[in-house]
Amino acid sequence: MPAALETRRLCKSFGALMVADQISFRLESGARHALIGPNGAGKTTFVNMLTGRFSPTSGAILLGGEDVTALGQLARVKRGLARTFQINTLFRNVSVVDNVAFAVAEREGVARRMFRPAGSYHAVVDESMALLDTLGLAQDARAVVAGLPYGKQRLVEIAVALGLRPRVLLLDEPAAGVPTSESHRILDVLDALPKDMSILIIEHDMDLVFRFAQRITVLAQGAVFLEGTPAEIAADKRVREVYLGERHV
Amino acid sequence: MQDFLSSLVMVAFHGLAYGMILYLISVGLSVTMGLMGFVNLAHGVFAMAGGYMMLSAMSRLDVPFPLAIVIAFCAVALASMVLERFLYSRLYSAGELEQVLFTIGLIFMSVAVARLVYGPLPQPVHIPGYLKGQLHFLGRDFPTYRVFLIVFSVSLVALLWFGVERTRWGAMVRATVDYRAMAQSVGINTSRLFTLTFALGSGLAALGGALGAEIIAVEPTYPFEHLVFFLIVVAVGGLGSLRGPFVAALLIGVADTACKYWIPEFGAFFIYIATIAVLLLRPEGLFGKAT
Amino acid sequence: MTHAGGYIADARIRAAEWLPWVFAALCYFAAPSYLTLGSYILTMIIFALSLDLILGYGGIITLGHSAYFGTGAYVAGILALRLTGEPLLGLLAGTLGAGLLGLFTGLVILRTRGLALLMLTLAITSLCYEVANRATRLTGGADGLGGFSIRPILGLFSFDMFGKTAYLYCLVILFASWWLVRRLVYSPFGASLTGVRENNVRMHAIGAPVYQRRVVAYTISAALAGLAGALLTQTTQFVGLNVLGFELSGELIVMLVLGGVGRIYGAFVGPLVYLVAQDYLAKRFPEYWYFGIGAMLVLVVMFARGGILGIIDAGIARLRRGS
Ligand SMILES: Nc1ncnc2c1ncn2[C@@H]1O[C@H](COP(=O)(O)OP(=O)(O)OP(=O)(O)O)[C@@H](O)[C@H]1O
Ligand SMILES: [Mg+2]
Chain R
1 MPAALETRRL CKSFGALMVA DQISFRLESG ARHALIGPNG AGKTTFVNML
51 TGRFSPTSGA ILLGGEDVTA LGQLARVKRG LARTFQINTL FRNVSVVDNV
101 AFAVAEREGV ARRMFRPAGS YHAVVDESMA LLDTLGLAQD ARAVVAGLPY
151 GKQRLVEIAV ALGLRPRVLL LDEPAAGVPT SESHRILDVL DALPKDMSIL
201 IIEHDMDLVF RFAQRITVLA QGAVFLEGTP AEIAADKRVR EVYLGERHV
Chain B
1001 MQDFLSSLVM VAFHGLAYGM ILYLISVGLS VTMGLMGFVN LAHGVFAMAG
1051 GYMMLSAMSR LDVPFPLAIV IAFCAVALAS MVLERFLYSR LYSAGELEQV
1101 LFTIGLIFMS VAVARLVYGP LPQPVHIPGY LKGQLHFLGR DFPTYRVFLI
1151 VFSVSLVALL WFGVERTRWG AMVRATVDYR AMAQSVGINT SRLFTLTFAL
1201 GSGLAALGGA LGAEIIAVEP TYPFEHLVFF LIVVAVGGLG SLRGPFVAAL
1251 LIGVADTACK YWIPEFGAFF IYIATIAVLL LRPEGLFGKA T
Chain E
2001 MTHAGGYIAD ARIRAAEWLP WVFAALCYFA APSYLTLGSY ILTMIIFALS
2051 LDLILGYGGI ITLGHSAYFG TGAYVAGILA LRLTGEPLLG LLAGTLGAGL
2101 LGLFTGLVIL RTRGLALLML TLAITSLCYE VANRATRLTG GADGLGGFSI
2151 RPILGLFSFD MFGKTAYLYC LVILFASWWL VRRLVYSPFG ASLTGVRENN
2201 VRMHAIGAPV YQRRVVAYTI SAALAGLAGA LLTQTTQFVG LNVLGFELSG
2251 ELIVMLVLGG VGRIYGAFVG PLVYLVAQDY LAKRFPEYWY FGIGAMLVLV
2301 VMFARGGILG IIDAGIARLR RGS
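Chains as they are written, first to last, in our numbering: chain R, 1 to 249; chain B, 1001 to 1291; chain E, 2001 to 2323.
The hints are simulated quantities; they were obtained by calculation from the structure and are not laboratory data.
Treat the hints loosely; a few may be bogus.
Computed list of chain R residues with no C-beta within reach of chain E, every gap over 10 Å [what the hints assert, rightly or not]:
1) T51
2) E182
3) D207
4) P230
Derived list of chain E stretches under chain B, where covered just means 3 residues or more per stretch with a C-beta under 8 Å from a C-beta of chain B [as the list claims (entries may be wrong)]:
5) 2004-2017
6) 2301-2311
All C-beta atoms, glycine included, are put in the ideal place defined by N, C-alpha and C.
Next comes chain R alone, as it looks inside the complex (with noise of 0.2 Å):
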């Protein structure tokens, strides 16, 4: 059975600085993994090619088998990947219940109609706000998202990936901002996710990670340092150094 998504000796420069170093990596189906390493190392740029944002310098994207490194995001996105960002990436003038509208209704088809209002769609709307119940936003539906707690936006975040009804998931740092006591509740929302999702999650709070992933990557300097189960990462000394000897810096 193929990966949900494999890179093969994927490379990325900027200019003279290399930020991905033959990155080979496979996301099985259903998996949960995580993707580690220290600020810089090039875990964010990895999302973006993954995603088609960037292209990379050399090496290939595989979605569920098929090759997909030439194709833009739009392409990836009707194939079943999607993405949450680290820094809020929202339309932030506009409604909770909006933000995730407009993913759902892109994924439909919808979006591009002319001519009924956008409030006639009702599958659309009762979607939206059946996702937003889910993550415990329902009160929230309707508020501008410019005007939210960061915690929430973070969820608002994660509702407009889940708009999308992916197969393959990437959450680059959803905890990121978030207060430590609050940090359950996007815990929970990962929890809650279909088993059959695939999700790749890069974060820095150790506990997330190691609760949550059955699998660990840890990238350092763009090129993949070790890769291993929760236990056998966190009993190899190596990575402490590289990953947490940095981190404490």
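Since the structure of chain R is provided, determine the placement of chains B and E with the ligands on it from the hints.
Coordinates of chains B and E with the ligands only, in the frame set by chain R:
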């Protein structure tokens, strides 16, 4: 054949003079746009102000030409500093639309003020006696004033480039254009840097407007009428670059002169076509950094 | 900023939305000597609506929207002079001509953004101006295009010298344009335009064909601008070069900003206030008029980004909170 060669030389000569003026005016726009990311459509106002300053200093106060030029530079640079501190700086983080609207507003206001003070007609230009007449070289006659214009502008440009390459200020400008956030984090006082650079750019525009008054007539509609060309120079040359706008300004100066000379019935048609073509092929301009 | 549209907006027409039409009808009876100005205002409202569609909703900043207005104006004028003075056909031709130009230029220039896009819109208008200026045989060049007559509308209502027919004609066309724009703004397409303006990166990430949406919006907007241009040609029976000028684009932006960007009725209020004020002040105190326009722009940007309607909204909100 002889005729053709002769007109070729003349087109090159006048095109060069026009191009140098365009460059003097636009280089500040390029640097400030690259440095601060500010869409300053009102840049031509500074050039116009320079022109008015010099001409009225000469005609109303009998100030000698060299001094009038210095006055134009200093007055406009100072005034622009005030503008930058109190108005422009508030909009650095605003959207493109706000910047465009704000600077269009400034243009409207300056056009009105110019018309109130000087009337709607172009200002007469007084060239000092020692720059009148023709210079004879290469077997041809060249207007002395334009020769002076070219020589003076070239030395000014050389000075500017030297300054940007070799001084501390230049290094900071280059670093900030390339890596804005990093420049701030290594402790460059960007707000003072912005003010100084803005003032210098406006001062240069004033010089361009003053020296070039004989080529680009000083009249109230100046900032609107020539905006397209100033912007073309910057956009085609590339934001934040010194050399790009130089090449673009000379190209446009020569091309415009050539078109007016040989195919006046087409006007600026080919310049617009060329601009569109360049921007489509290289949206960041000929020498801009790709994003 | 508050924006109409989206998936939870109530798209039904509210009572207050009939006010402009009642007002326009009243003007017809109350100010018969101002009907020519009235027709011009109605035409500019259509033009402002078209700009609002791409600027307010689509976030595309253009300094060259007069290219499409002018194209519509010239197409209608040339058609009337050479082929037929049938008004509805003229409107159709102007709309289609400008729409086509919008489609082709949009396909090309919307690949860029920022300064390059701004510059391209400006260059295209300048190019159109230059073409119209030089192709004297077709356009009359700097002398303008006149000497054509427009047939009665539907063969029934002929244009009179008091501008009564023209006014009502403009009003009907504006009503139709308003209805279409309103539909569009409240539709999913309108919502997705808001998305493109609000956050382009996210729009790509949810799989939206951003470029395509922008091109479609740009084309519709250009067509609507062409309609306004054609209307101006027919009601004034003349086309001057200024319909393609950068000044007109600038003035249009000023009107829209004055009324309020990104709200349908900003495009109504802005031209009305601007053009009435201009009628009173511009001829008497031209310098002060321009200064005032400039100062107003600066003040709007600094203090009141929602324009007149934004100020009214804020006032109402304060009253509600106070009571
Ligand atoms: N568009 C870009 N142009 C140039 N350099 C870039 C660009 N994007 C990222 N970089 C550089 O690539 C390197 C990797 O950045 P990236 O954002 O992928 O790291 P990261 O692992 O996500 O870090 P963090 O944990 O801080 O989010 C950094 O040195 C960064 O400065
Ligand atoms: Mg990152």
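Comparing the hints with the structure gives:
1. T51: violated, 7 Å
2. E182: With a cut-off of 10 Å, E182 of chain R remains clear of chain E, as the shortest Cβ separation is near 23 Å.
3. D207: holds, 28 Å
4. P230: At roughly 29 Å from the nearest Cβ of chain E, P230 of chain R sits farther out than 10 Å, so the non-interface label holds.
5. 2004-2017: With 0 residues closer than 8 Å to chain B, the region 2004-2017 of chain E misses the three-residue bar; violated.
6. 2301-2311: The restraint on the region 2301-2311 of chain E holds, since 3 of its residues have a Cβ under 8 Å from chain B and three suffice.
The structure fails to meet hints 1, 5 from the earlier list, while all remaining hints are met.
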